[in-house]
Amino acid sequence: QVQLVESGGGLVQPGGSLRLSCAASAITFTLYDIAWYRQPPGKQRELVAQVTSGGTITYADSVKGRFTISRDNAKNTVYLQMNSLSPEDTAVYYCNAKFKSLAYWGQGTQVTVSS
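Numbered per the numbering used here, the sequence shown spans residues 1257 to 1371.
To be clear, the hints were calculated from the coordinates, so they are not data collected in a lab.
Every value quoted in this text rests on a predicted model; they were computed, and no experiment measured them.
Be careful, since some hints might not be right.
[What the hints assert, rightly or not] Capping the alpha-carbon separation at 30 Å, the derived lysine-lysine pairs in DSSO-like fashion look like this: (1) 1354 - 1331; (2) 1320 - 1354; (3) 1356 - 1320; (4) 1299 - 1320; (5) 1356 - 1331; (6) 1320 - 1331; (7) 1356 - 1299; (8) 1354 - 1299.
[To be verified] Okay, the calculated beta carbon distance ranges per label pair: (9) 1275 - 1314: 16 to 26 Å; (10) 1342 - 1258: 31 to 41 Å; (11) 1370 - 1287: 35 to 45 Å; (12) 1368 - 1324: 15 to 25 Å; (13) 1297 - 1330: 34 to 44 Å; (14) 1371 - 1286: 34 to 44 Å; (15) 1269 - 1356: 35 to 45 Å; (16) 1359 - 1299: 19 to 29 Å; (17) 1311 - 1358: 32 to 42 Å; (18) 1266 - 1357: 14 to 24 Å; (19) 1357 - 1272: 31 to 41 Å; (20) 1300 - 1266: 18 to 28 Å.
In this text, a Cβ means the ideal position worked out from N, Cα and C, and glycines have one as well.
Construct the complete structure from the given sequences, taking the supplied hints into account.
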């Protein structure tokens, strides 16, 4: 059974940092493009960052220069380092794995940025 398990969310003050992890199991991890999405309260889910199977990285404009996505194929894990967090980054963050017509989602992890 395919599982994507996110961790690392929590409450942080504005200007703070968090690192999210997404651990995958039961997939050939190296074949998959992995992305982080987020869904702020009352809004639609949006793409935050993606790293392809070949290592190409893209970011949403709103997080460029603050967030860094990386993958460790040996650990079947993708990370999202989030710095200079602001209240606008408050959302549930989801991990997504995609390969051709296959796509899987994690259960999400809550990130709350508040003083």
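Against the structure, the hints come out as follows:
Between the alpha carbons of residue 1354 and residue 1331 the distance comes to roughly 18 Å, so the proposed pair stays at or under 30 Å and holds. Restraint check for residue 1320 and residue 1354: the C-alpha separation of about 22 Å stays at or below 30 Å, so the hint holds. This hinted pair checks out: residue 1356 and residue 1320 have alpha carbons roughly 27 Å apart, not beyond 30 Å. This hinted pair checks out: residue 1299 and residue 1320 have alpha carbons roughly 20 Å apart, not beyond 30 Å.
Using a Cα cut-off of 30 Å, the hinted pair residue 1356 and residue 1331 holds, with the two alpha carbons roughly 22 Å apart. Under the criterion of a C-alpha separation no larger than 30 Å, the hint pairing residue 1320 with residue 1331 is consistent with the structure, at around 25 Å. Taking the CA atoms of residue 1356 and residue 1299, the gap is near 27 Å; set against the 30 Å cutoff, the hint holds. A threshold of 30 Å between alpha carbons decides the hint, and for residue 1354 with residue 1299 the separation of about 23 Å falls inside it, so the pair holds.
In this structure the hint that residue 1275 and residue 1314 lie 16 to 26 Å apart at CB holds, the actual value being about 19 Å. Residue 1342 and residue 1258 have their C-beta atoms about 33 Å apart, which keeps the hinted 31 to 41 Å range intact. In this structure the supplied range 35 to 45 Å holds for residue 1370 paired with residue 1287, their Cβ-Cβ distance being about 38 Å. Taking 15 to 25 Å as the suggested C-beta distance range, the pair residue 1368 and residue 1324 conforms, at roughly 20 Å.
Separated by about 36 Å at the C-beta atoms, residue 1297 and residue 1330 satisfy the suggested range of 34 to 44 Å. Separation of residue 1371 from residue 1286 is about 41 Å and conforms to the stated range, judged on CB atoms against 34 to 44 Å. Here the CB-CB span from residue 1269 to residue 1356 is close to 41 Å, well matched to the stated 35 to 45 Å. Take residue 1359 and residue 1299: their Cβ atoms lie about 21 Å apart, and the range 19 to 29 Å holds.
Checked against the hint of 32 to 42 Å, the pair residue 1311 and residue 1358 fails, with Cβ atoms roughly 20 Å apart. In this structure the hint that residue 1266 and residue 1357 lie 14 to 24 Å apart at CB is violated, the actual value being about 34 Å. The beta-carbon spacing between residue 1357 and residue 1272, approximately 39 Å, falls within the hinted interval of 31 to 41 Å. Separation of residue 1300 from residue 1266 is about 23 Å and conforms to the stated range, judged on CB atoms against 18 to 28 Å.
Violated hints, in rising order: 17, 18; the structure is consistent with all others.
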